[in-house]
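Construct the complete structure from the given sequences, taking the supplied hints into account.
From first to last, the protein sequence lines are chains L and E. Going by this note's numbering, 36 is the number at position 36 of the first sequence; the sequence numbering is gapless. Going by this note's numbering, 114 is the number at position 114 of the second sequence; the sequence numbering is gapless.
None of these hints come from the bench; they were simulated from the model. Note that the coordinates shown come from a computational prediction; the quantities given were computed from them, not determined experimentally. Just so it is clear, CB atoms sit at the ideal spot from N, CA and C, and this is done for glycine as well. Among these hints, one or two may not hold up.
[Said to hold, decoys possible] Mimicking DSS-like on lysine-lysine, the simulated pairs with C-alpha atoms at most 25 Å apart in a straight line are: (1) E:Lys391 <-> L:Lys51; (2) E:Lys282 <-> E:Lys350; (3) E:Lys387 <-> L:Lys51; (4) E:Lys149 <-> E:Lys207; (5) E:Lys149 <-> E:Lys68; (6) L:Lys193 <-> L:Lys96.
[Unchecked claim] Here are the simulated distance ranges between beta carbons: (7) E:Lys149 <-> L:Met222: 44 to 54 Å; (8) E:Gly243 <-> L:Lys193: 52 to 62 Å; (9) E:Ala393 <-> L:Trp131: 43 to 53 Å.
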Amino acid sequence: MNKRMAPYYWMTVPAVVLFFVFMTLPAIQGIYYSFTNYNGFGKQYDFVGFKNYFNLFRDDNVGNAYWFTFKFAIVVTILTNILSLLIALGLNAKIKFRNFFRGIYFLPNILSVLIVGYIFNYLFSNVFPIWGQNLGINALSTNILGSESLAWIGIVIVAVWQSVALNTILYLAGLQTISPTLYEASSIDGAGKWREFWSITFPLIAPFFTINMVLAMKNSLMVFDQIVALTNGGPGRATQSISHLIYTGGFEGGEYAYQSANSVIYFIVIAVISILQIRFLQRREMDL
Amino acid sequence: MMAVLLSSCTSRDSANGKVQIEFFQNKPEAKATFDDLIQTFNAAHADIQVTQVNPPDAETVLKTRVVKNDIPDIMAMGATDTYSTLAQSDIFTDLTDSSLVQTIDPNYIQMLKDVTGMDEVTGIPYATNANGIMYNKTLFNEMGLDVPKTWDELIATAQQIKDAGKIPFYFTYKDDWQTNLPFNALGPNLVGIDFYLERRENKVTFKEKYREVAEKQLELMKYGHSDNFGKAYSDGNRAFANGEAFMYIQGTWAIPEIRKANPNVDIGFFPFPTGNDASQIKLVNGIDSLFTIAADTPNRAQAEEFIAFLLEPENIGRYIDEQTLFSAVEGVKQDDPAVQELMPYIEQGKVIDFADHYIPAAVQLNSIVQSFLQNQNIDNYLDTLDKEWDKVANRR
Chain L
1 MNKRMAPYYW
11 MTVPAVVLFF
21 VFMTLPAIQG
31 IYYSFTNYNG
41 FGKQYDFVGF
51 KNYFNLFRDD
61 NVGNAYWFTF
71 KFAIVVTILT
81 NILSLLIALG
91 LNAKIKFRNF
101 FRGIYFLPNI
111 LSVLIVGYIF
121 NYLFSNVFPI
131 WGQNLGINAL
141 STNILGSESL
151 AWIGIVIVAV
161 WQSVALNTIL
171 YLAGLQTISP
181 TLYEASSIDG
191 AGKWREFWSI
201 TFPLIAPFFT
211 INMVLAMKNS
221 LMVFDQIVAL
231 TNGGPGRATQ
241 SISHLIYTGG
251 FEGGEYAYQS
261 ANSVIYFIVI
271 AVISILQIRF
281 LQRREMDL
Chain E
1 MMAVLLSSCT
11 SRDSANGKVQ
21 IEFFQNKPEA
31 KATFDDLIQT
41 FNAAHADIQV
51 TQVNPPDAET
61 VLKTRVVKND
71 IPDIMAMGAT
81 DTYSTLAQSD
91 IFTDLTDSSL
101 VQTIDPNYIQ
111 MLKDVTGMDE
121 VTGIPYATNA
131 NGIMYNKTLF
141 NEMGLDVPKT
151 WDELIATAQQ
161 IKDAGKIPFY
171 FTYKDDWQTN
181 LPFNALGPNL
191 VGIDFYLERR
201 ENKVTFKEKY
211 REVAEKQLEL
221 MKYGHSDNFG
231 KAYSDGNRAF
241 ANGEAFMYIQ
251 GTWAIPEIRK
261 ANPNVDIGFF
271 PFPTGNDASQ
281 IKLVNGIDSL
291 FTIAADTPNR
301 AQAEEFIAFL
311 LEPENIGRYI
321 DEQTLFSAVE
331 GVKQDDPAVQ
341 ELMPYIEQGK
351 VIDFADHYIP
361 AAVQLNSIVQ
371 SFLQNQNIDN
381 YLDTLDKEWD
391 KVANRR
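Pasting the structure below:
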């Protein structure tokens, strides 16, 4: 081995081993169990072939969880990106207390999702309804998390509130890569702020837009903590996401193998979506 | 990764020559009481050392340890579906002929056999809880109300309270497990526990038998507060403690929590009047904690000795006082004034088990009931129960 390369191997090989032992091996194990009827703790199990996979497609709880998760992920991804881009533009401008505001907006990312969830849970059940009653607004006078049709909005609010922080930082980093001379030139040419945004700012942060879209989508497809803290999947199964279904069915319901099959499919779905998203959005970058 | 972490902190070496007994239990509320009892036991036994293990989310931890074949010597848990599946996996010692069984109320032994569907006794019932209707004695006295003995009286009482502009029941249906409390009282009384034994064999359906249960549960919803699905268990304990509602469909386990919020509240408790023949009504009374011994432990004798110690009237008496539970050992009484109205039922054996102990966890009864109470469609609800049951049975 080349002596100069040795330190690089010292860095890479342990990481690969750790990754394999803690990530790849359990994943392969999960795929193995998805072909059995293992309940997660018994001593015996049998091979059942693709039975779990067939059952998955006939299980409307699974369909329901996919529907909720996708609806949720799309709304959260769009709202997060719009809001965080707006906030990043504001924070990039020459305003007073700029660093103070940057700190404030980043705060939600530091707090644990579960803690944020429990705080909002309290607000939704005890604080907002009282405001609603005092203001005479009927829709707000009960806890929206207790309603089958509205609970998902509550989760969207919390998820967006929290994920905006990270995406704002990424957009801010993108905005700072843009050379000020471009803006000077455009203002000499007489371009308005709106034109400036669409012709200079937005195209130049395209790579950051791509990464933010993919990250926000992936994170919200895997939504779990917020749901545990806010509704635990309820009322009924109205806000049960796929990962929540896998957890409750697999560990609490003792259907380890069945939910392993569900997670295999879920893994494929997320991977395919992320790849498609990157392809599509990167092509957009190159066109510029 | 979980497995690696767990094994490193649960090694059981007998370094000091004593027999090490690991006592694993799932009730965080009971940790301090057990700690004291264990200390007394260890002091009296020079050759045995019992250690308590009470991790958070104990049932899941226990399941992972069973996978690794690292089974604690003694395990305490409720007589739930988890107990039933573990018992069927043959990881517990058969205690049918053990002397430990002799002091236990035979009703509870039968309950265990029904839950597991096995003839062997693999668990020693210890403490039991009850599900019924809690009421605020002060508020009842102010309005001159009597404790309802039948379903019609219950509804009449609720109507009277509602007419006075007060809240009859404080529902806490944001937590889905709270929605199954009326289900657990109505089902076993109106339909019986045998239903579940027949349901397992596909001889009967929810659709045929559970309509009345569903209707009565819906009827109760008329007497709640303005935000029945917006309040959780902890909100309800606080509200009931502060006299916001007259009645609270709840288990005895909530009493210590309610007293924490308001030590002066005067609580009463009556069995759920599910029908109109008061003499037929049974108290829903399930096993809160039972003890099992690992099948492959080399220390069975010592483990039995420790369980025998816990079953001594003095020790179990202390346990049920501190936890507001009832004793599974015959002749040990619960003196707490809040639950005195329930004692005759327990003494006469007019008790019946929780329905959800017989429903596989994967069916997710709680979320089905919660969903039903929201959309109030009885046909749809009963269909879902049958369909989910069949799906789960088919996957096993």
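These are the hints, each one checked on the structure:
Proposed proximity of lysine 391 of chain E and lysine 51 of chain L is supported: the alpha carbons are some 12 Å apart, at most 25 Å. Distance hint between lysine 282 of chain E and lysine 350 of chain E is fulfilled; the C-alpha atoms sit about 5 Å from each other, no more than 25 Å. Restraint check for lysine 387 of chain E and lysine 51 of chain L: satisfied, since their Cα atoms lie roughly 18 Å apart, inside the 25 Å limit. The suggested pairing of lysine 149 of chain E with lysine 207 of chain E is violated, with an alpha-carbon distance near 28 Å, which exceeds 25 Å.
About 51 Å separates the Cα atoms of lysine 149 of chain E and lysine 68 of chain E, which puts this hinted pair outside 25 Å; it is violated. Restraint check for lysine 193 of chain L and lysine 96 of chain L: satisfied, since their Cα atoms lie roughly 20 Å apart, inside the 25 Å limit. A beta carbon spacing of about 53 Å between lysine 149 of chain E and methionine 222 of chain L agrees with the range 44 to 54 Å that was offered as a hint. Roughly 60 Å separates the CB atoms of glycine 243 of chain E and lysine 193 of chain L, a value that falls within the hinted 52 to 62 Å.
Taking 43 to 53 Å as the suggested C-beta distance range, the pair alanine 393 of chain E and tryptophan 131 of chain L conforms, at roughly 47 Å.
Checked against the numbered hints given earlier, the structure breaks hints 4, 5 and satisfies all the rest.
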